[in-house]
Amino acid sequence: MPPAFLALFLILTSFFLEDGRAYSMASAFLGYMLPLISGILAGAPILADPALELHFAAPISAWRLLAARYGVLAAVILATSLIFQGCMTLMGVDLAYLGNFWQRQLVWLVPSLTMLALGCFTALAFKQAASGSAFTGGLWIFQLTLRGYLLSKPILRDFVLFMGASLPMSGSMLVENQISLTLVSIVLIILSAFLLKRQERYI
Amino acid sequence: MINIRNLTKFYGKGLHAVRALNEVNLQIDDGMFGLLGPNGAGKTTLMRILAGIIQPSRGQVVINGLDLSDEKDKQRLKAQLGYLPQELGLYPDLNAREFIDYMAILKGMHAEAERRSRVQEVLDLVGLQENANRKIGDFSGGMKRRVGIAQAIVNDPSILIVDEPTAGLDPEERIRFRNLLVKMASDRVILLSTHIVEDIGLTSQKMAVLSQGSIQFEGSPSELIKMAEGHVWELTSTSTEKPDGGLTIVSMLHQSDGIRYRLVGENKPAEGSAVPVKPGLEDGYIWLMHKDTK
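Protein chains in written order, with our numbering: chain D, 180 to 382; chain V, 3 to 296.
Read the hints as simulated data drawn from the structure, not as lab findings. Just so you know, even glycine gets a beta-carbon here, dropped at the ideal spot from N, CA and C. Check each hint, because a few of them may be wrong.
[What the hints assert, rightly or not] Have a look at the derived ranges for each label pair, beta carbon to beta carbon:
1. 13/V x 334/D: 41 to 49 angstroms
2. 7/V x 184/D: 51 to 59 angstroms
3. 323/D x 132/V: 51 to 59 angstroms
[To be verified] Listing some non-contacts, in silico: residues in chain V with all C-beta distances to chain D over 10 angstroms:
4. 17
5. 20
6. 56
7. 89
8. 92
9. 130
10. 176
11. 231
12. 241
13. 260
Please work from the sequences and hints to get the whole structure.
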């Protein structure tokens, strides 16, 4: 899935190179599509594993299982993002409006982590890989539709997934948003590990 | 050694709770131990508790001195455990060698040279050396079971738990599988759960029968056979009517002179031609399962 979307957005971006709108396609991929891909894939690493019962019988903790499975998924998302940014540089698309190199990484990394944690948690909570994809997909559509409204409300904007791509360089407001989303992710990961300790729910 | 005391397991809560195991007590020593019972008896629940996958509602399990209720003990136990689940899930895109190697890493075998050598050893042991580099997705059911047993023994476990390992195998595969288990039973505990009576009779010195979550019998296969002595008959009948009298039909064989029935029950069949016969393990099992319901 990530390579397919990567290829699609590289092609789409190339169409907009002439009229100067390529940067908006690039930010759409980084700030919107990568979090969506992360969320959709987040239910599968554990619950879609055919050998899950064998893993549960092995001497590995719930934390280690989570780290191993989601580490691989995070690495795929990271590689997709870096390849895309590398291609943008080669195509001459300037991504500087998203901030310096590190700020640019936070634009996709923070919401992707949140969607990953949310997809993992909902899948484990509902004991179904598809629940994670459905919930994160629904949230993505909801936030995309109400983005303007959510960004205008002081508390709600801290939980908007796309602030980095929608309002880049918005200073402390963006930092607050990224800290809030990171905290949410940490809480969801901790809850996911506790859920995963109750192995009999998943066999 | 496995020591199980007052083990009880409920699924669900409140009024909807289902009792899968009811005050199970067992002591299992080294060698092959067979656990027999009908489908839904609670065998898989017991196997999963012993493998540290699910938590009992009540009771205690101590394996080789390690208490399963203690999380650290449980992890230590899992390192010396081999487990073959009833529904074996494998990765179809990996080959047999890769899959077993992956499972060996999960079981804490991190020294690469030693691990590779052990993987080759278990591939040879289960007879998969010729197919070690073929994708598991292309394997037959029997070959997949062999991959399953290979992953279970790759860490040279002192406790091997195999749940319905011969279900779905052809006769030749079943024989091969049983022989493999017996060969390994000399220096470890092997707990074989099955609903196939023949598998127990041909492999286990000790056995238990589990039904509706409770242990109905614990002893040797010969003791179970002895219980049915005087309760097994054969008769040949030309009538299409089945023999009555509260007897359980163990087998029916169509012959030139009529149908030959093998029957188990409290009293001799009314038909005069019925003759008492020496019971087998299947008769003992049927007698045990039906004697209280007649």
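* **Minimum Cβ-Cβ distance from residue 231/V to chain D exceeds 10 angstroms** => 40 angstroms, holds
* Asked: Regarding the assertion that residue 176/V does not contact chain D, is the least Cβ-Cβ distance greater than 10 angstroms?
  -> 22 angstroms, holds
* Decide, holds or violated, for the assertion that all CB atoms of chain D are farther than 10 angstroms from the CB of residue 17/V. => Non-interface label on residue 17/V holds, nearest chain D Cβ at 20 angstroms vs cutoff 10 angstroms.
* Does the claim that residue 260/V lies off the interface hold, with its Cβ farther than 10 angstroms from every Cβ of chain D? -> It holds; residue 260/V is separated from chain D by about 49 angstroms at its closest Cβ, greater than 10 angstroms.
* Find the nearest Cβ of chain D to the Cβ of residue 56/V and say whether that gap is larger than 10 angstroms. => 4 angstroms, violated
* Asked: Holds or violated: 41 to 49 angstroms for the Cβ distance of residue 13/V and residue 334/D?
  -> Given about 42 angstroms between the Cβ atoms, the range holds.
* Asked: Would the least Cβ to Cβ distance between residue 130/V and chain D come out above 10 angstroms?
  -> 17 angstroms, holds
* To do: Look at the Cβ atoms of residue 7/V and residue 184/D and judge whether their distance stays inside 51 to 59 angstroms.
  => 56 angstroms, holds
* **Distance rule for residue 92/V, whose beta carbon must clear each one in chain D by more than 10 angstroms** => Per Cβ check, residue 92/V is inside 10 angstroms of chain D; nearest 6 angstroms; violated.
* To do: Report holds if the minimum CB distance from residue 20/V to chain D is greater than 10 angstroms, and violated otherwise.
  => Correct as stated: the minimum Cβ-Cβ distance to chain D is 13 angstroms, above 10 angstroms.
* **Interface exclusion of residue 89/V relative to chain D, criterion Cβ beyond 10 angstroms** => 7 angstroms, violated
* Asked: Beyond 10 angstroms from chain D, beta-carbon-wise, is residue 241/V?
  -> Label holds. Min Cβ-Cβ 49 angstroms, cutoff 10 angstroms.
Consistency with the previously given hints fails for numbers 6, 7 and 8, ordered from lowest to highest.
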